[in-house]
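Colleague: Using our numbering, the first residue of the sequence shown is number 1, and each one after it goes up by one.
It is worth saying that the hints were derived from the structure and are not from the lab.
Misleading hints may appear alongside valid ones.
Unchecked claim - Once the Cα atoms are required to be at most 25 Å apart in a straight line, the calculated SDA-like pairs of lysine to any residue come out as: (1) LYS61 / PHE47; (2) LYS61 / VAL76; (3) LYS61 / MET111; (4) LYS61 / THR121.
Unchecked claim - Simulated restraints, written as ranges between beta carbons of each label pair: (5) THR92 / ILE43: 19 to 25 Å; (6) LEU89 / MET68: 18 to 24 Å; (7) LEU136 / ILE50: 32 to 38 Å; (8) LYS61 / ALA96: 22 to 28 Å; (9) GLY35 / LEU136: 17 to 23 Å; (10) ASN108 / LEU136: 32 to 38 Å; (11) GLY35 / MET68: 37 to 43 Å; (12) THR121 / TRP100: 35 to 41 Å; (13) LEU89 / LEU113: 19 to 25 Å; (14) LEU113 / LEU60: 31 to 37 Å.
Since we're looking at a predicted model, the values are computed, not measured.
Think of the CB as a built atom: it goes at the ideal place given N, C-alpha and C, for glycine as much as any other residue.
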Amino acid sequence: MIPVSPFSASRALAGAVPLQERGVLQRLFSTFANGWPGVGLLIQRLFIGIALLHSGIAQLKTPTSGLMIPEITGAVLGLFILLGLWTPLAATLVAAVELWIIVTGVANIWMSLTLAVFGATLAVIGPGAWSIDARLFGRKYIGS
């Protein structure tokens, strides 16, 4: 019996579970990155989540008519990103919302562009091992 950490994603166990029984997120990502790549993804998620929450809270303090809906939407998505819950969907929506903010042209274009790029890369790479997604949809070790 090989002990497996709940945060590790072993390629040896990849064939142990039929594709039909894997979760939706497990089909998107072959592994949930752990180790240093997982730490990098955690830092990226923390950066994106905190930046989106900051923008949303700042928007509530000084409301601008054209920017209220996308900034509040971004703040809610920032919570999902911060927790690592439904990360591919949330990160894709973050990229779309930030592009919406860029097109309207009422905010800092460079910050919105940075968040859009980080959101798109996070949607492609995945949430990492230290996320709720990895707990819910990652590979499970079933001992005998």
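Colleague: Against each hint, give a clear statement of whether it holds in the structure.
Modeller: Outcome of the hint check:
| no. | hint | in the structure |
| --- | --- | --- |
| 1 | LYS61 / PHE47 | 21 Å, holds |
| 2 | LYS61 / VAL76 | 16 Å, holds |
| 3 | LYS61 / MET111 | 19 Å, holds |
| 4 | LYS61 / THR121 | 30 Å, violated |
| 5 | THR92 / ILE43: 19 to 25 Å | 20 Å, holds |
| 6 | LEU89 / MET68: 18 to 24 Å | 23 Å, holds |
| 7 | LEU136 / ILE50: 32 to 38 Å | 23 Å, violated |
| 8 | LYS61 / ALA96: 22 to 28 Å | 25 Å, holds |
| 9 | GLY35 / LEU136: 17 to 23 Å | 20 Å, holds |
| 10 | ASN108 / LEU136: 32 to 38 Å | 34 Å, holds |
| 11 | GLY35 / MET68: 37 to 43 Å | 41 Å, holds |
| 12 | THR121 / TRP100: 35 to 41 Å | 18 Å, violated |
| 13 | LEU89 / LEU113: 19 to 25 Å | 21 Å, holds |
| 14 | LEU113 / LEU60: 31 to 37 Å | 23 Å, violated |
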